[in-house]
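*Asks:* Position chains S, P and V relative to chain U; hints supplied.
Chains as they are written, first to last, in our numbering: chain U, 1 to 241; chain S, 1 to 415; chain P, 1 to 356; chain V, 1 to 289.
Everything labelled a hint here was simulated from the structure, so no lab data went into it. Hints may contain errors.
To be verified - Covered stretches of chain P, as calculated for chain U (at least 3 residues, CB under 8 Å):
| hint | segment |
| --- | --- |
| 1 | 101-109 |
| 2 | 193-200 |
| 3 | 247-253 |
Stated by the list, open to error - List time: in silico DSSO-like cross-link candidates among lysine-lysine, alpha-carbon distance up to 30 Å:
| hint | chain 1 | residue 1 | chain 2 | residue 2 |
| --- | --- | --- | --- | --- |
| 4 | S | Lys213 | S | Lys98 |
| 5 | P | Lys140 | S | Lys409 |
| 6 | P | Lys140 | S | Lys188 |
| 7 | S | Lys218 | S | Lys161 |
| 8 | S | Lys323 | S | Lys291 |
| 9 | S | Lys161 | S | Lys213 |
| 10 | S | Lys75 | S | Lys98 |
| 11 | S | Lys409 | S | Lys98 |
| 12 | U | Lys115 | P | Lys8 |
Using N, Cα and C, we set each Cβ at its ideal position, and we do this for glycine too.
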Amino acid sequence: MKRKAHTVLETRGLSMHFGGVHAVDRVDFTLRENELRCLIGPNGAGKSTFFKCLTGQLNPTAGDVVIRDVHVAGREPHEVASLGVGIKTQVPNVFDGLTVEENIWTAARRWHNAKRAQTLTSDAIERLKLGDIRSTLVGNLAHGQRQWVELGMVIAAEPWLVLLDEPTAGMTHEETARTADLIREINHSATIIVVEHDMQFVRSISQHVTLFHEGAIMMEGTMEEISSDPRAREVYLGSKA
Amino acid sequence: MKLNRRQFVVSATSALAMPAVLRNAYAADDIKFVSILDQSGGLDIYGKPMVDTTKMAIDEINKAGGLLGRKVDLKVYDPQSTIQFYTQFATQASAGDKADVVHAGITSASREAIRPTLSRFKTLYFYNTLYEGGVCDINNFCTGSTPAQTVEKLVPHTMNKWGKKVYIVAADYNYGQITAQWVQKYVKDNGGESVAVEFFPLDVTNFGPTIKKIQAAKPDMVMSALVGGAHASFYRQYAAAGMNKSVPIASTTFGVGNEHKLISAAEGDGMICAYSYFEEIDSPANADFVKRFKAFAGDGAPALNELAARSYEAAYLWAEAVKQAGSTDRAKVTEALRAGLGIDGPSGKVQIEPKTNHAVQNVYLAELKDQSFNIIEKHENQPPTDTLLVCDLVADPTQSTFKFENGLKAAGIDI
Amino acid sequence: MRELREMKATWIIAVFGILFTLAGPSVLELFTIITLAQVIGLSILALSLALVWGFGGILCFGQTAFFGLGAYAYVIAAINFGGSSWAILVAMLVAAAFAAILGYFVFYGRVSDVYLAVITLTVTLILYSLIRRTSGPEYKIGNALLGGFNGISAPPLNYPWDASAFLFPEQVFYVAMLALIIAYVFCSWLVRTHFGRVCVAIRENEDRAELLAYDTRLYKLGIFTVGAAIAGLGGIFFCIGVSRVTPDVFSLPQSALTIIWVIVGGRGTLIGPILATFALYYLTSALGSQSVLNTNLVLGTILIIFVLGVPKGVVPAISDLMQSRRGRKALRARERRLQRRRPSSTHNATTTEGAE
Amino acid sequence: MDLLVSIIFQIVYVIANLALISLGLAIIFGMMRVINLAHGEFLMLGGYTVVVATNNGVNIWIAILILSPLVVGLIGIIVERLLIRFLYGRMVDTLLATWGLSLLFIGLITSIFGASTATTISPPLGVITIGEYTSSGYELFLIGITILLLIAVFLVLKMTTLGLVARGTMQNAEMASALGVSTSRIYMLTFGLGAAVSGLAGGLLAPITGVLPTIGTVYIAKAFITVISGGMAILAGTTSASILLGAVNGVVSFVTGPTLGEVALLLAAIILLRLMPRGITGSIFRKSL
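So that you can see chain U by itself, here it is in the shape it has in the complex (with noise of 0.2 Å):
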């Protein structure tokens, strides 16, 4: 249980600035091992400038992003990537001109040897459910099942840390309530940041939450805390009228 209290990612005073717009600014910010944190907010206010901060899509202005002791503001995304950690952007980002399980396998093959690459896709395809569709070029599918693939592709990997942004973008309903139990899977072996806009999906998965604002933190806690909270209903009571 020691390990729990062990903080795996943590960021000190980061900021990012377009011109005159701090979209991200001065934020700290700290994520214990085997965490799932939600990270919400209105549109615009730098979640997701802060989640591209975190995959190294974006190079802060200032400040500094620790993940397990190694400084990784400003590396490549691959540098951070190589840490173990799985990443899902926004736009279903796949590989169109590939089959699913070519999708999958790319993910897996990048640490481990072909045979076990081939076992780990198969894996994910079956946890997945995408067995009908393993051989079908990913441009050709629906973008639910395009999301579905990319999770897929996050999971084969076996990563300690993942990072998901809007995962439930576009889903139905049953296909969200899948992601949530899937998300909840994964976060036996893994600790999870999750950026989302569908408050009842948070409200299903998370047990801690951060809502941002105006580019910084403004309240930590559970949903419950959060929701109760008038200022936290104003904010989203305001962005939505």
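*Replies:* Chains S, P and V only, in chain U's frame:
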């Protein structure tokens, strides 16, 4: 032209005597004459007139009854200004068509690409372009003029006329480099001074900086060995800067691509060039040649220059050799050619010099006026003195090299 | 399963290639065999671009830079060593080393696609200009003068490590065909290895590959370098076939032709560009043997018709046609794909625009 | 001193020359992301327009300043309607199609006019004298007209509706079509404008370089490199790249000769693209036209 009248009569009667059916049957037995010259791409300004005159020569030969009673079948390949097609068509002509003779090549690069192939397949080869000299190959007859033949006359004449300080501009490749060396030698021999030598890549079109340098150097004359379509801009820009009025130009290359028709009279007037042929040569043979060519090529007939005229003459040189040898066999024709065979063509007498397989020919100096050349001097029977310095095929007929490939110095000529 | 089938296709094609090689000299005329060496050299060049562009997704406009460097390096080395055996190795190494340096600048500088095309082309044009400016006697490497515009005559191939025994034209043909077949099988194998599949994945989606912890720069550099070595090999046979190397190997028309072969043959196949090279070469040379139509006129028309009518290239178009005959099912799937692709691709386009 | 002035004049001329041959390509590339490999042939066609017109007795100024942009602009519009419009968004395909077009034009002109064409035009405007040195008055005219042309293109892009809509379209084609702008018509006119500018440039250069069917190949590589070095912004890109590359070329040509001058230009372009992969205007002057 000195067509052998007796043979003409004999072959003509024998052709007539033969039943029509038999004559057609003989088509497979045609003499094969292959011409490989660029008709598209950057070099077509040179290649097209050469092909036109070659066609005319073969046409005339056939109308006169062919050779040895056989029809001469001309096949023309267009290598599209790329070396790789030269090699391919030369292989096709020699190994595939089994050509009796190949007339081919404009640049030295193209000649060097095909010379070994034609040697290997024992196919007689004529190269009819003016070039830097130095080919020493028993199988290769180079009929064009070389720098020593033309520059030797051009330099003293223009220096006497204009002055002793010469600024040399030349194309940046083997021909330009070697010609520039000959110019420097003859300038020195005649007590002059070469104030600068500048080389231009073939794709340069802006000569502004050089024109300023020429103005700064204040020479008495400019000697140009510039080559190709892009380089024609030099003369325009030179004239635009008013320089053609103060520092006149002499050239060893201007006009062979019919540049004198491409620039206006005001820009070109006063330039002096030296070649072994000008369309304006005043002789009955040439007047007749020009007339026949205009009739043959029609309205769009290009101006005639050394390359075009020499292609025509070379076809006749070969035809004459075939007649004398009584065969198209390579060894026999070569022997006939090297026995000092000559013809009287539109440029005057052209004769093969046996030590080099080059041509002894007339050299004319001409001054440009209103887009045409006025002949001012004529030098008869000029030997290829430059190639003679390095080549003696009489002493060693097995040679097959291009002695000037790496410049004059490498060939042991120190000038 | 898919891979197994495809590798089987590779072997079938290779067997056809070997049959052609063996039958060639007895079926074809000698002059055809002789000229084939240069066409084979060009088709190896096309193969290298098919690998780099079709599979690596790298639009290299200047593949001829490596081709030409290979040719020049071979000639210079062969003249200096007095034999062709080591020269072949040197040529491939020089081409690969040059590509590695250029690729390092380009890929590690994160140069975008269009600019990559232009930079590689510019490098080729620079080499073209540079080599054309070396006509003076002062430009020599060892015993080999560079010759500028006129180029250098190429020493023939000889028996391995016996410089005095030159190969006959038929033997040159065998060696060239062998090189082509080996290069083809090697490329086929390469795109099926882990390395090759990652390269294909990068072609499909470089960001995703990055996020899967692949250093995409390294993979692109790798396939670029391998492609350059193969292009260099093509250059060797080309200059042996032509018997001369001239700056034309770096020229703009040569660069464009190489792209045309790959386009006509089809991106994403290896055999397509090879066949396209043979076909188009014989078309252009046939055009050169007639004088009715202007060669440029015909070539230009063909190119335009191809881009408008068969933009995917011949081989993919034929396999598409065969697939669509297999049943309506495939057709329907493609329609669905097209419908879906449209909204999602525009979506992608706008997001990348926004991210820039 | 005279030498210095006349050298500076010459370098300015080299720069203007570079800008002149590149501008048409830059318009088409900057606005439409189409790399027009037939650009050199548009220049060539401009030159032929002038030669044919003057040979038929048309005043040389009318031929250069009015006919050459008009004829080539029309050819551009025809080409866009028959070919380019089917290929938008397919960069490589447009590249190949325009390459085909380039071969086609060369073949066509060679078939019609032959490999070389007699011309009697020579650069008008006489000679200007700087101390002991003389330059062509026409070169001075070319410098002036290049500046005027740049200003004119600036005004068209900045002031006219066409320019405004075209810039909007080039920023975001979809939004423009959502606003009811006919992108198809805009593309057609833009391509026509680019072709007309190229035609004018070709016409202007004809008296000083002459015309040949293959003359386009001399220009295309340089124009291509200038435009790419300049980046997306049409005017700022072309101007800045022309100044940089032209100055390098001019100075090195003077010091060492034309051979290294060309090499220096190309090397400068490579180094520039290494430092600024999106061209000069991709890094600085980003907001400019």
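*Asks:* Run through the hints listed earlier and report the numbers of any the structure violates, in increasing order.
*Replies:* 1, 3, 4 and 11
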